[in-house]
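> Listed here are the chains, written in short residue letters.
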Amino acid sequence: MNHLPFENWLLNDMPVTPEQQRELELHLRNCSYCSALAETGKMLKTTKIVNPASGFTARFQARLRERKIADRRRKLWGSVLFTLGGLAFLMWILSPYVVSFVASPATWISAIVGWLVFLGTTLFALADAGRVILSVIPSFLPPFAWMVLLSMIAGLGLLWSVSIWRLVRMPQGV
Amino acid sequence: MNDENAWVLQAQRGSDEAFTQLVETYQKPVFNLCYRMLGEPEAAEDAAQETFLRAYQNLHRYDNSRSFGTWILSIAAHYCIDRLRKRRFSVLSIDEEDEDGLTLEIPDPASPDPEAESAKQEDRDRLHLLLKDLDETDRAAVVMRYWYDYSEVEIAQSLHLTVSAVKSRLHRSRRALAEMWQVEKPRAYPERRSRESLAF
Numbered sequence: 001m002n003h004l005p006f007e008n009w010l011l012n013d014m015p016v017t018p019e020q021q022r023e024l025e026l027h028l029r030n031c032s033y034c035s036a037l038a039e040t041g042k043m044l045k046t047t048k049i050v051n052p053a054s055g056f057t058a059r060f061q062a063r064l065r066e067r068k069i070a071d072r073r074r075k076l077w078g079s080v081l082f083t084l085g086g087l088a089f090l091m092w093i094l095s096p097y098v099v100s101f102v103a104s105p106a107t108w109i110s111a112i113v114g115w116l117v118f119l120g121t122t123l124f125a126l127a128d129a130g131r132v133i134l135s136v137i138p139s140f141l142p143p144f145a146w147m148v149l150l151s152m153i154a155g156l157g158l159l160w161s162v163s164i165w166r167l168v169r170m171p172q173g174v
Numbered sequence: 001m002n003d004e005n006a007w008v009l010q011a012q013r014g015s016d017e018a019f020t021q022l023v024e025t026y027q028k029p030v031f032n033l034c035y036r037m038l039g040e041p042e043a044a045e046d047a048a049q050e051t052f053l054r055a056y057q058n059l060h061r062y063d064n065s066r067s068f069g070t071w072i073l074s075i076a077a078h079y080c081i082d083r084l085r086k087r088r089f090s091v092l093s094i095d096e097e098d099e100d101g102l103t104l105e106i107p108d109p110a111s112p113d114p115e116a117e118s119a120k121q122e123d124r125d126r127l128h129l130l131l132k133d134l135d136e137t138d139r140a141a142v143v144m145r146y147w148y149d150y151s152e153v154e155i156a157q158s159l160h161l162t163v164s165a166v167k168s169r170l171h172r173s174r175r176a177l178a179e180m181w182q183v184e185k186p187r188a189y190p191e192r193r194s195r196e197s198l199a200f
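If you read the sequences in order, they're chains A and B. Residues in the first sequence are numbered from 1 upward in steps of one, following our numbering. Residues in the second sequence are numbered from 1 upward in steps of one, following our numbering.
Watch out, some of these pointers could steer you wrong.
Simulated pairs of lysine-lysine, BS3-like, Cα-Cα distance not exceeding 30 angstroms [claimed, not checked]:
#1 A:Lys75 / B:Lys120
#2 B:Lys28 / A:Lys42
#3 A:Lys48 / B:Lys167
#4 A:Lys68 / B:Lys132
#5 B:Lys132 / A:Lys42
#6 B:Lys120 / A:Lys68
#7 B:Lys132 / A:Lys75
#8 B:Lys120 / A:Lys42
#9 A:Lys68 / B:Lys167
#10 B:Lys28 / B:Lys86
#11 B:Lys132 / B:Lys86
#12 A:Lys48 / B:Lys120
Derived contacts from chain B toward chain A, CB cut-off under 10 angstroms, selection only [what the hints assert, rightly or not]:
#13 Pro41
#14 Leu130
#15 Thr162
No wet-lab data here; the hints were simulated from the structure. Yeah, the Cβ is synthetic: ideal placement off N, Cα and C, and Gly gets one too.
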């Protein structure tokens with residue numbers, strides 16, 4: 001059986017003229033498929049909205065509370081496990097040094113003192129070099145270049161502060 | 001700015017009271033969508049609750065220029081589609097679920113014609129069961145189109161489909177429902193035909 005144009009009218013819920021309506025009625029009497037199409041369409045349009053059982057919002061609030069607690073607990077356990085794991089890893093990495101330190105502490109202490117002395121002298125040397133550079137550079141750069149440089153640094157600082165502020169104020173969910 | 005937008009903005013700033021207002025407003029459409037998608041009130045309740053939790057967690061991603069209703073129904077539809085897909089692969093077959101057509105719609109005994117009302121209810125239950133045989137996305141499109149009067153454009157936005165795909169899915173679903181209806185109820189339509197007009 002040819003269902004056109006009736007199937008098209010029914011599927012697209014097209015408005016029909018009284019003449020078309022009569023034609024459609026006639027077709028529906030003889031066509032079980034189009035009749036089923038019309039009937040299911042009508043049912044779909046008239047079926048009521050189903051409501052949830054009363055107290056839905058209270059149940060949601062309770063569930064949200066539970067979820068928040070579970071999330072907090074998970075985060076806490078996560079950070080505890082992460083810290084313990086990190087400590088264990090650190091111990092594993094440091095264990096050979098610790099063993100050798102315990103075996104001969106004098107060697108280790110003299111090595112550490114030597115290293116600290118080296119660090120101190122290096123820092124002093126760097127500070128001297130920095131002072132020399134700082135006293136020489138201003139004469140090389142014009143004041144305008146200094147202004148541009150300082151403005152750029154200030155702009156970058158502002159950009160960084162704004163992005164941190166935006167990240168902080170963004171709601172992070174539960 | 002209307003109340004809803006104000007609640008959304010307050011909720012985005014972290015107000016649980018404002019979000020509760022949104023839950024209060026949208027619980028019915030969200031629950032109904034889940035019920036039509038999943039077929040059982042218990043699963044629908046769980047899915048609706050989960051939908052609101054997901055919305056709460058992702059509120060910062062909500063684009064205020066869109067309708068909140070469309071956004072939350074889109075979350076519900078996607079959640080139900082995922083759940084149905086998982087269910088399809090799980091050990092429990094859909095055929096093993098409650099086939100009694102569990103429904104919350106109780107015919108009103110005080111209505112003028114309780115018998116006709118009861119027959120209508122039976123038809124609605126049958127249609128509800130037939131919906132289960134549709135593809136998950138097709139089912140979501142049908143529910144949005146016929147229960148919420150969503151336009152094809154809105155359905156396309158909610159389900160991340162093209163408008164022509166939505167149209168074709170709706171047509172395919174309507175044809176499938178009609179064919180299943182014929183098989184399920186071959187003798188009922190001549191009786192109804194004599195009583196009432198089916199066209200529109």
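> Against this structure, judge whether each hint is valid.
To see whether the hints hold, each was checked on the structure:
A distance of roughly 52 angstroms separates the Cα atoms of Lys75 of chain A and Lys120 of chain B; the hinted pair therefore is violated under the 30 angstroms criterion. Taking the CA atoms of Lys28 of chain B and Lys42 of chain A, the gap is about 22 angstroms. The hint holds against a cut of 30 angstroms. Distance hint between Lys48 of chain A and Lys167 of chain B is fulfilled; the C-alpha atoms sit about 23 angstroms from each other, no more than 30 angstroms. Annotation: proposed proximity of Lys68 of chain A to Lys132 of chain B is violated, straight-line Cα distance about 34 angstroms (limit 30 angstroms).
The hinted pair formed by Lys132 of chain B and Lys42 of chain A meets the criterion: a straight-line CA distance of about 18 angstroms does not exceed 30 angstroms. In summary, the hint linking Lys120 of chain B to Lys68 of chain A is not supported, as the alpha carbons are separated by about 44 angstroms, beyond the 30 angstroms threshold. This hinted pair does not check out: Lys132 of chain B and Lys75 of chain A have alpha carbons roughly 39 angstroms apart, beyond 30 angstroms. The suggested pairing of Lys120 of chain B with Lys42 of chain A holds, with an alpha-carbon distance near 11 angstroms, which does not exceed 30 angstroms.
Among the hinted pairs, Lys68 of chain A with Lys167 of chain B is inconsistent with the structure: their alpha-carbon atoms are about 41 angstroms apart, more than 30 angstroms. With a C-alpha separation of about 25 angstroms, the suggested pair Lys28 of chain B and Lys86 of chain B falls inside the 30 angstroms cut-off, and the hint holds. Our distance criterion of 30 angstroms between C-alpha atoms is met by Lys132 of chain B and Lys86 of chain B, whose separation comes to about 15 angstroms. For the given pair, Lys48 of chain A sits about 11 angstroms from Lys120 of chain B by alpha-carbon distance, which is consistent with the 30 angstroms threshold.
About 8 angstroms separates the beta-carbon of Pro41 of chain B from the nearest beta-carbon of chain A, less than 10 angstroms, and the hint is met. With 10 angstroms as the threshold, the beta carbon of Leu130 of chain B comes within range of chain A, its nearest partner Cβ sitting at about 8 angstroms, so the hint holds. For Thr162 of chain B, the interface hint is violated, since its Cβ never comes within 10 angstroms of a Cβ in chain A; the closest pair sits about 18 angstroms apart.
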